[in-house]
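**Q** Read off the chains here:
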Amino acid sequence: MKAKKYLPFIPVFVAYLALFLIGETVSGIWQLIAMLAFYCALGQAFNLFMGMTGYVDFGYVAFLGVGTYGMAITISKLYSHGLGFGLIAIGFALAIVMSVLLSLAVGAVALRLRGAYFAIATIGVNEGFRYLIEGAKLWNGSEGIIFSGPLRMAFGRQTATVLTTFAADVFVFIIALAAAFITLVYMRGKVGYALTALREDEDAAKVMGINVTKYKIIAFITSAALAGLLGASAWALKLTYVYPPDVFEITYTVEAIIIVLLGGAGTLLGPIVGGLVYGLSKYLLAIILPGFQLLIFAPVIIFIIVTFPEGLVGFVKLKTRGTWLENYIV
Amino acid sequence: MAKRLFSVLTCLVFLFILGVGGAGAVTDGKIVIGHPACLSGKFAKAGEQATGGIKAIVKWVNEVYGGVSVGGKKLKLEYKYYDCESKKESVTSLLERLITVDKVDFTFAPYSSGLTLAGAPIAEKYGVIYMDHGGASDKIFKQGFTYIVQTIGPGSRYHEGTLDMLHKYAPNDKKLALVYEDSEFARAVMDGAREHAKKLGYEIVYEATYPKGVSDLTPLLSALKAKKPDIIIGGGHFVDGQLFNRQLADLDINPKALSLIAAATLPAFYDALGNLAEGVMGPSHWEYGVTYSEKAAKKAGLEWIGPSQDEFVKLFKEAVGKDIIPDYHAAEAGAAVLALVKGIEKAGSLDQDKVRKALGELKFMSFYGTWDIDETGKQVGHSMVDVQWQNGKRVIVWPEDAATGKLVYPMPTFAEKAKGKKALPK
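Line by line, the protein sequences give chains A and B.
Sequence positions in the first sequence follow this note's numbering and run 1 to 330.
Sequence positions in the second sequence follow this note's numbering and run 1 to 426.
In case anyone wonders, no lab produced these hints; they're calculated from the structure.
Every residue gets a Cβ at the ideal spot worked out from N, C-alpha and C, and that includes glycine.
Treat the hints loosely; a few may be bogus.
Example chain B residues on the side facing chain A (calculated, C-beta under 7 Å, incomplete) [claimed, not checked]:
hint : residue
1    : P121
2    : K125
3    : G127
4    : V128
5    : K139
6    : Q143
Whenever a hint applies, use it, and build me the whole structure from the sequences.
**A** Pasting the structure below:
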């Protein structure tokens, strides 16, 4: 019976595996696959909080930003210590620590607020943090950190290239899978029930004796830690530079929201479908109509959202209710 | 299940179309340049200029120059670009597509130091030359990349020419103040200026940065006033540059020379400040009106290639389909194409390493000025031009090869300017 709980993980795993294998076998599209995986992972990590609680965090990209800094600081400071791959591990660890600390600080204040007030409170976090870095000259301030050279010195030219153009993307896949798995564990456990209750009616949940703040914070921190890891791999390790305005860019939060809503908020498969639809259509339009893609892209998004208000996966989920498929599509 | 299968299958088909369908750009008989351009997003304006500049020069090479001579054959250039939306994710994926699916021969970087860095590891991985036309950071060239080649002058050199010029005109005015915006780019300019000023023997009497989006510079400028500098250089963006100038006037601080990056070269600067902008200078990579020519090249003992400035402007207008004057973004992107053409011809081959080596040894002049790189690929030959507002017009005062007029030094005081005095050469 216990195993049955985790059946929905099978389609998720298969989807990511298929994506990975396509990238591996078809030559010349690995970077495209990496971009798609990034969007899926972004949606997956964002969904963990937004989908389950119904709270929209407009400052989400700040967690990716500090994660990026975690990796960047580690590599640029410790590259000469001969730590080998321990360097990368420390980078990831620091990314988690930093994003969790930030999420605690933000969560402690903002999570006491509800709905639109929460959204407004978080909008400032991202911009505020960026100005803090630039104004207080934290971590090199506005000059940013460029660590292509240090990475090369630590690992050698060959390995550094593999790290930036392949391994970093593999980490993104792993993060996406981890995010999906944690989402499923939460969904099937006490956290999920509590969050579902609070999403539907926070006051009623409170009356029933659920410590709503506790569960909100759990989801918030988990989601933030995953974002930190994502920043550390997809932005730091892959691109080997960080400038404050490039990472604390609100567009990414908006993209995360679109991906989650396209696929279906609170569903497990939603972010994958949303990420693929979003990433692929943007990429194809950029190739077919360079410069005009956003004109076409916007109506497409509106069309999908209007036709499938529950998201694409949400729609399929409703249709398959009561059939044997219901065990797989969550 | 059928539905899910269907959607997964659609995705698969989609991906295979991407991988296979787009392939087959024939590279025989022509040389293809690939470019993940910034046509939308925050760098859209610079991106439009850059693609326009590249198209203009590609047309010139094909129609006027007759193609690129490689091994006794004349090969036509072809320009293939996508829109990266000024975003790092798109840069890496589109650049790889250009290299592996479209099989372009050479690549161009997108705009800005950040996006240029984002694509660099991909170009390195495939060993393809990556022409940097819009990433000015010096740090790009300290990372050990092999295939990146810069055409834009590095940030550290923005104010070098200005200082050289002032040193020549007024060797005894030694008190210099550096006041820049706190941004990645302006700081690089400041570091370069400080170093160069020390070399020339300037005494730096005041040095400060102000935050982005500053709305009042009075406290900073009051401190500056006490130091009585002869020369003030600084700036960051348009709005703060304008504020800088206005508040200098308010506080009646009268340096003999004032040079502001980014702001002072724009026509809008004079529109906003009117007579207060008289005599104010700014460095620019290139300005319409520079007088680099075949003759000047001969005088300097350099090879000349490319259209004259007016030909370039005409081709540029055709390429963008609008009646706008190209700015330096267009000129530097165009000049990067010319460098590539020269490099290929010099190498006599399309082999990346041979062309890269040839580019390393190349030195030439075009409408954009001198082009020469050091061993890391950093641009060292290009000098910035300095423009000064004289009687409501932008006059190029430095370097002498490109100058259209003489420097007015010292510039009129703000009190004189408020009464309508113009900066006119004696």
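**Q** If a hint holds in the structure, say so; if it does not, say that too.
**A** To see whether the hints hold, each was checked on the structure:
no.	hint	verdict
1	P121	4 Å, holds
2	K125	5 Å, holds
3	G127	10 Å, violated
4	V128	13 Å, violated
5	K139	5 Å, holds
6	Q143	4 Å, holds
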